[in-house]
Structure formats: structure tokens, C-alpha cells
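Asker: Chain by chain, the residues run as shown.
Number of protein chains: 2
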Amino acid sequence: MRNMQIKYKGETHEIKGEKTLFDIAKELDVDLKEVLVAKVNGQLYDLSRKLDKDAEVEFLTFESNEGKKVFWHSSAHVLAAAVKKLYPDAVLGIGPPIDEGFYYDFYNLNVGDNDLEKLTKEAEKIIEKDEKFIRKESNVDEAREIVKDNKFKLEILNSLANDVTFYQNGDFVDLCRGPHIPSTRLIKAIKFTKVAGAYWRGNSKNEVMTRIYGISFPSKEQMNEYIKLSEEKKEHDHKKIGKDLELFFFSDISPGSPFFMPKGAAVYNELLKFAREIDFKYGYKEVITPIIAKVDLWKTSGHFDKYRENMFRASPFDSDEEYGLKPMNCPFSALIFKSRTRSYKELPLRLADYGFLHRYELEGTMDGLLRTRLMEQNDAHVYVTEDQVEQEVLLLFKMLDEIYGKFNLSPIMVLATRPEKRIGADELWDKAEATLKKILDKSGYKYTVKEGDGAFYGPKIDIYVLDFTGKPDAAYAVSTIQLDFNLAARFGAVYVGADNKEHTPLVIHRSIMGTIGRFMGIILENSKGSLPLWVSPVQARVINITERNREYAAKVSKSLEEAGLRVELDDSSRTLEYKVRESQLIKAYYTIILGDKEESGNVIAIRTRDGKTKYNVKLDEFIEEATKKIKERTIN
Amino acid sequence: MRNMQIKYKGETHEIKGEKTLFDIAKELDVDLKEVLVAKVNGQLYDLSRKLDKDAEVEFLTFESNEGKKVFWHSSAHVLAAAVKKLYPDAVLGIGPPIDEGFYYDFYNLNVGDNDLEKLTKEAEKIIEKDEKFIRKESNVDEAREIVKDNKFKLEILNSLANDVTFYQNGDFVDLCRGPHIPSTRLIKAIKFTKVAGAYWRGNSKNEVMTRIYGISFPSKEQMNEYIKLSEEKKEHDHKKIGKDLELFFFSDISPGSPFFMPKGAAVYNELLKFAREIDFKYGYKEVITPIIAKVDLWKTSGHFDKYRENMFRASPFDSDEEYGLKPMNCPFSALIFKSRTRSYKELPLRLADYGFLHRYELEGTMDGLLRTRLMEQNDAHVYVTEDQVEQEVLLLFKMLDEIYGKFNLSPIMVLATRPEKRIGADELWDKAEATLKKILDKSGYKYTVKEGDGAFYGPKIDIYVLDFTGKPDAAYAVSTIQLDFNLAARFGAVYVGADNKEHTPLVIHRSIMGTIGRFMGIILENSKGSLPLWVSPVQARVINITERNREYAAKVSKSLEEAGLRVELDDSSRTLEYKVRESQLIKAYYTIILGDKEESGNVIAIRTRDGKTKYNVKLDEFIEEATKKIKERTIN
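Chains as they are written, first to last, in my numbering: chain E, 1 to 636; chain Z, 1001 to 1636.
Incorrect hints may have been included.
[To be verified] With a Cα cut of at most 27 Å, we get these calculated DSS-like pairs of lysine-lysine: (1) Z:Lys1345 x E:Lys243; (2) E:Lys191 x E:Lys148; (3) Z:Lys1273 x E:Lys631.
Bear in mind the hints are in silico, worked out from the structure with no lab data behind them.
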């Protein structure tokens, strides 16, 4: 038996073969406390497996993404073992790791969220026992015999080659490719979080499985942190906020198309109005274009080739005319541009279009307002000469500052440069990329460069906004500034230059706020629903302290309404404490409290979200202050 | 031969039979100069036909609708005769009367608008000749032989019963049911107006025919009046105005969906903003709802049964999910209402929805902005108790006054009452109809009652606006106020009453401005494009007199823009006269003229649409005046 040449962290070591990866790690002085799994020539291996050949090895902990996945996959086995212990009739499906934690699908298992604690306890017992994960090699025929009572596993076996493996910990055995962590003992904290229904293999024609979700960590501290972050996430979840504040809801009658209730529509419309005002200020002109167009249009624009599967078809029920619902406004801007002869004097021509777009997204990928099928963007197309690109993009950054500044948002940017397959001369790309870089450098915004990630028709800047965690990889994609060397040419849109000849303009696609609904979701999450006054769904909630002050409250409420504020009057007979608390929960910007003292003094008391109350304020003065704040769109 | 008992104008006359209707008319002392055709027991007859039985007769002139149609149908024969004279190879199609005039379709005829005068001259010759229209009875077999070279007539014969007729005037013979006027001579004025292409029988799979349109009258005065009115109509035509003012256009890429160019979108958005403000002022709350929804929704609402042929289907290109594009917002309002428990305290709940609607209209029926496939209404649904109907409709009339008053529009109303087939107790109908009548009586608006014309689910008031002719039958249908006893029940939308029990509300469907685009079309037509300042596409057009004043003009233009006005700067080097004229043509509200005198005095000269010019105006003062007018939305 010859020695093995083991490459580890760039150095080659001579190891006496054959040895388990665990023993090799020991010999290489790896800190074994945290190691979960090995990587041999790029492939994951159980630590207990023997190595008998030269190889490059790595040892992975929970810190690595792959280590996490193995850890969570082993945790899924622990979940399944616990389920089988308490519910022996449950039939095993599959149990993969996911982005955060893991799940396992069972058939013939009737449990609810109430059963999760019991199951977690059972899992903790299994962990206590320090059960080793043992790999057993087998073949398909043998395996078929072993799982003969489980039609799901049999189905899986049908798609496997001859060599298969089982993994065992304690009494529990599962058909599984592995690898696994060495022992259950490494799982220092486990928690089952949710029961849900799911179709077997995601197909609605199959059986409905009981899916149990879980999360686990190699330390209790990590679990505590996770729980804390989960709680925080819940508080930031725009779907929960949207429900609590009665802003919007979704319905199966039109998946992915939001229903904005009156208070949500008020927020939405304020955002839209703001976007329009900024556009007007910066010389943009709005156009209004169709929602449906014949498929030819989408063929000319190229959307039909590249985007067909995300597009909706529209057709009269009793006729064979065929249209597409627009997924983007671009082609319409070209038709507007072409609607008459254009002179170079008209450039840059800035055409804003707030058209409603439909994009077919799969049900599972939709996420409240953050990802919808129906959307409206503060979209625009700017027709420019090559020489105008810099000035235009500079203008866009000014607009960006002005808009994002109103919401305390911190944008981060990604510059995506020329891909291998592209149109346009290298000179044009050189100039365009250099321009974008220059502007980004000057802007003071953080940015990274993704080489080769631009569209085939031009480079672009993607704009992200940090979420409450501040982690760049959790940032929201918001909007984009794209140069397009292609669109105008596709539609034959030209302008007459100073030389009296026809030229093809470049086009800048841009949206600053991105999708208005999505933007609303983002600011709701970042503010936990406490929006600035001007965009608050309830700007003032008026509360009477006693029955006696009802009329006065109604009067004050009416005055505020006539001053243009969004007001709610709570003149119910519930306690003051209850009413104040509810006003806080719905994130009313001001809570106006009116008792005998206020009524007799003809003044109001104003409670702000920070819990402070100002007494003896004259109504006129308050109205003046509030409307000024609204007009100026102040942040706080 | 016995005598005939002829009933005429309520009296019975004894006439010696058999006689032609012409002779009978003479005997009855009918003024024969203007009589075109007779009506015998409700059926139209040539005057030359003999009568041999008792009957009730009428004699029709051009004043009656049926008389007009016969007159124009005979004129179509004259047109065809003229064509056959000049173009013997032309093949006859059909030649019916239409709402205004007539047309005749020909195959194998290559003529254009330039040929129309020549053809009119030829027709006048035929008229001069005083050719009688002679009726010839025949049968299908004989007829088939006569028209054997004309496949169109042969096709028509296929659908006829055995007895057919031909009509001859001069050399010209045509298969025709008749009847006709006695002689070509009665046509005192004829004019062929337009050549167009049209598919045989309107089917795009058939031959393209050459259609010639014409108009004719029994007097030259009527023709002159008609020509005058046509010219006026052209000036009022919103499609022409829309083109001249660069407001909107249509494209075959999406028939019936308007493209609003920047100036048109500005007008559109002003109207929408106004509608929103009025809604807010009157306690309406806006909601935003999906554009597509599963077909189930339209089945529940009943739209799918009654409206399917006007609806568009929407479906992902590569999936079989099926949706309908909304033709109306109603069902969504019910879903919003149902989205949580509703208390009687929330009623009346006024939900406004400016959603985009799609309705499939046949190509031929569309008419610029007046009839489109894509539309946005200032739509709302008010959920009320029975007792609240009166107060709500009164409120609607107040809104109506406020909105229509801003455009000098004169609404006329039609109250449509219970039809035979209906739901809801008679008591409810009694009360609802009485309420609507009472409000209409008090309103001061002109109204008529159409008994039995209400929807099956409730009575309604339809609102029309007079066009420039002031004739009620030419009025534009604008909007509607409909009571609905049905919608809430269909969706199970209920509220909890003071009695703590569930009740079904009534719903008032209403739109005040109707479809925003259509409303825009109407005010453009009524004003010939000279809109009030606040809604003018170009509020100020700035003109420099000499090259020297270019900078000053740019400065003034910028100041106006910063004050929020929609401004156009014309600093071209064309003559002042040209520039002023163009400003007038595009209906700029103000034309600001700037020469040396203005520049040195730091003032402006303002020309208004009436051609008057005010000199030495300080810019600040002008801005103050203009912005005040805009804010107050003054009419002039």
C-alpha cells in the first residue's frame, strides 16, 4: 500500500493510506470540533469514508454554504426519525435542505403546528443519543426490496442508476445520496417551525404531502440569533404590515395582482404622484399607451422570442384576433417617437410611461408586493445622441438622490459591462462604460462591477436598496438604468440631424422607483410601516376621551379632512388606552386626543409615534405645520 | 270591381278600384310635390303600384325617416347607373341607404376621390332625364339568367325566395326589392363624397369592393345646409383636433387603444386629477384592483353570460390558466367590500376605481376616443342601505353640477324604469324610481323617462351631453347612475346592521365623467380644441420676434415652466405672423410675444385666443394670474 499525496490548503502532504477522511483531518491538524463534511476533488464526502488515492481535500464547517446544506440535510433525517418514532405509519417522502433550514415531506401524517414542540423534543432525544450517520452501499434491486412498501421511494428509485446508498442513524434508515455530518450530536439546536401541505414533486396532480419545516444550528447562540432575526423579519414583513394596516390583499381569483384597499391606494397614489412630479421637474413628458398589442409588435421588439413564457396572450373570447399583454413599455415608446418626424433639436426626448404591465410569474415565486404579475413602473425611455448619454445619466442620479433621499434609502449599485455576445461597435461600448463608471465614481454611491453581465444591446447600472439587516446580499433590486443600442434600430426610429440626414438615437431605459407597488413594499419593510407623514395611510387619527367630546372630535376630524389630510375618527366607546394603542398599531402619524380640557380650551393634544404628547396646540397651527410637512415631503 | 275602403289620416274614403297609389293620393288631395313613397298597411310601396283592396295608407316625404331611406336608395341606383355609364366593366354589388346618404359597392372598378366630380356630373344628367323607376316582377330562375355574369348578384339570389323584383331607370337595371321614388327628377341635389375599400358582405375573406359614398336631397337648400354642417362637423371632429394638436393617435397594432402623446396625456391627466379631487372631496375612497381575473369571477358577476362576446380572454402563452380582461370594475368592488367584516356604520361606502377596462368592439364601430376598446372610467360603486339612496343620488347630482359646470356642458337625462323581467320587490322599485324622479325634478336638468328600459337589477339615469348642434338625438352618451339590487347578493357581500344581523346592501354604480378618454373627446369637439386654461395642452406658447430676443424668450419660457405651466418655446427664425398663426392653430391658451420693447422693459406681451394682445405685462403678475386661473379651474 503506497502513500497518498494529499493536497490541502495549497500544500501537498504525504499520508499513509488508506485512511478515513476523519483520520486524515486529524493528521493535518484540522480543528475537528467544527468540521461537518469533506470535499474531495470538488465532491462532498462523509468524514467516515476512506480515501485511497491522491486528492485535493477541503474540510467544511457550518460557515460554508455547502457545509450548511449538509448540516440541514442531516437535520431533516433527524426530523424524519422523530416523526417515525411518534407516528410509525407516516410514509417518508423527501427531505432536502433549503435556503434557510430544511423540510421533510410525509404522506399519511396528520399533524399541525401544535405538534411541533413534541416533535422537537423527540428530535432532541435523538441528538442526545449521539447517533452516527452510517453510509450503506446497495443496488437498485436490493433497495427496491427494502422500500417496497413506500411508493414514493420506489418512484425515486426508478430514476436512479444502479448504485444507491442508504443512511442510518439509530433505528432510522433512509434512501439517501448523502453525505451527512458524522453524528446527530453536532446539532446543538433544532426547531421545527411550520406544517404545510405540498404536492408530491410539486405537481398538483399528485398526492398532498405533509411538509414539516425546521431549522437547526451547531450552537445555541446561533439559534437564538436566528430566532431574534426571524422576529425582526416578521415585524418588517410588508405582507404582515399590509394586512395590519389594511393596505392591500391578494386573492386566488387573480394571483399576483394586488388589490389595494383605500388606505393602500392612498399610499400608492402618493408615490405615483411624487414620481410624476419629479419626472415633470426633470423635463420628462408622460405618454399613455395601450395595454394589449398584436403579437407582431412583440416580435419586432424581440420580446416574443426572449420573453414569451413570461407573457400573457389576450384574445376576444369569440374571435381569433391575437394580442399580447404588454410586459414592458419599450416598444410603445418607439411608436410614439416614430409618430412624426423628429429633429435632433428634440433630443434628449424623455418619454415617461406608467403603463400597467403583466408578467407571468410562477405561483411559488411571487412574494406579496415584492414580486407580482401586475405592475406599474415609473418607467421612461430617453432618446439621446451618443454625446448626450453622460448628461442624461447624471440627471438620473440627481433624480435618484432626490427620490431615495425622501425615504432614507441607501442605494448600492452594480455596473454590468459588455457580454461576449453583443451588438454595437467596441468604441461605443468603451465610451458608454467609461461614462457610466465616471458617473458612479463621482456619485459617492457604493458600487461593484459585474464584468460581462450587461445586456447584449448595452451596459447597465442596477440599483439595489439595503434591507433592515444592511447585508448587501439581502438587498432589494429596485431599478435599472440601461443603455440600449438596439431598440430604435429595430423599430426604424430615426431623427433628422443637424446635417439633415437620418440618424438612429440611443435609448436609455430607466425607472427610478422601479415598480411602484414593489417600492411601496420596500419602504413598508424598511420603516416597519411607519411611513413619513406625506405618504402615511392615516395621517391623523382623532380620538375622543369621553362621550361628551364626540362632537368636538367630529368637528376637528372634519377640519383636518378639509385641509386635505387623510384622517380617521375613532369615536367608539372603548377606553382611551385601547384607542391610543390601536392608533399606534395602525401607524397613524399623529394621534389627536380630545378630552374636556381640549374641548373647553378649543385646542388639541397631539401624540406622535414616539409616544410623546404635545398639549394645548391650536388646530390652525397644527394644520399649518402638518400641511407644510406634507407639501415638503419631510422624512420625519 | 268593387270600391276600396281606404283609410287615410284616420278617415275612411271610398275609392274606385283598382288604382295606382299615385292616383289614390291625387284623389285624397295629397300634396304630391313632395311625396316619395307610400305605406300600405305598414309596408312600403312604390307610388306606381296598383292597389286593389281595402287598406290603410300613408304617403311619405323626405321628412320621414323611411322616406329618406327610399330617397337615398334610389340615389344609390343613380350612382350605379352613372358608374356603369362611365365604367361599363364595373360589376354591381349592393347599394343600400345609410344613416346619412348611401353607398354602392362595385367590383372591378378602379376610381379615386378625383373621379367623384365626373361621376356626380354623370348622375346629374340622369336626373335631368327624369327617368322613372320601373318595377319588374320576376322569379329566381329567370333572374339567375339575367344576372348570370355577376357572381355577387347570383350569391344574393341564393338567399332569396322565388319571387324577386328588378328595378329599371333608363338603361339601368338592378336586382332590387325596392321600393323607389317615382322618378330620378325628384333628386334635386346629389354629391358623391368618398371612395373606400370594403370587403364583400363585410367578411375579410371575401373580395375587396370599391365603395362609393354619396348624399342627396330633394332641394338644393338642404344640400347647402348639409355641406355647411359637414364643414362645421369637421371643425368639431375630435380626431382631426387630436391630430392637429398632437394629442393622440391610433395604430393598427392595437385597434381601439389610444396612444396619448405628451400633450394629450397632459390633458388626460388633468381630467383624471380633477375627477380624483372631486371624488376625494365627496368622501369617495379610491381602490386599485387587478386587470385580469379568473373566469369564475365573471361567471359569479354574470358578465360572462351576458357580455362574453365583448370580453377578452387572457392566458399565459405557455400555460392553460385562463383569465378574463376586466370589462367592468364592479365585481372587484364587491371583493374589496367583502375583504373584511363591514358594519352599517361604514355605509355609505363609496369605492372609486379608475381601473383600465377592455371591451371588444368591432373595428367598424370604433370612433376615435368616443368609442374605444381600452378605457378608464371615473367609476365608483357606492354600497348603501335602501334609506341612503336619496342622499347619495343627491350628492351625485352635486358632483355632476360641479364637474359639468367646469366645461359649460349641458347634460340631459333619461330615467329608465322597471323592465318586465326583473328582480327585487315592487316596493323597492316603487321607492327607487320615485326617489330618482324626485331628484330629477328638483335638479332643473331636462329629462325624459324611458319606461321599461331599466336594467333587470334596478332603475337608472343615463346622462347625455348636447353636441354643438344642440340636437338631443345627436347628444353624446356620457355616464350613468344605476341602482343595483343584485350585485352584492351575487357575491354574498353583507354588512352587520344595528340589529347585529347580516344585511345585503344596495349598490349604486356611477361614473360622472364616464370614460375619461371619451370625455376628453367630447370637450374637444364642443370647444373645437379651445379648452379652458387649466386643461389646455399648451397653456403658453412663447415666441421671440427677432433673433436678438431668443435668450429673453428662453428665460421667460423657463420661468413659466418652473411655475408649473405647460409651455412651448418657438424660437425658430420664421416670421412673427407665421409663429402667431401656428400658436393659434395649436390652440395655445396664451401666446407670449417677446421683442426688443418687451426685453428692454422686462415685460411681456400676451395674445389671447380672441386675437387681443395685452402689452407691458409684468411676468410675475402674469404668472400669478395664470396660476390662479389654473388652480380655480376657471372656464374662460
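Asker: State for each hint whether it applies.
Answerer: Structure-based check of all given hints:
1. Z:Lys1345 x E:Lys243: 21 Å, holds
2. E:Lys191 x E:Lys148: Measuring from Cα to Cα gives roughly 31 Å; hence the hint is violated.
3. Z:Lys1273 x E:Lys631: 17 Å, holds
In this structure, only the earlier hint numbered 2 is contradicted, and the remaining ones agree with it.
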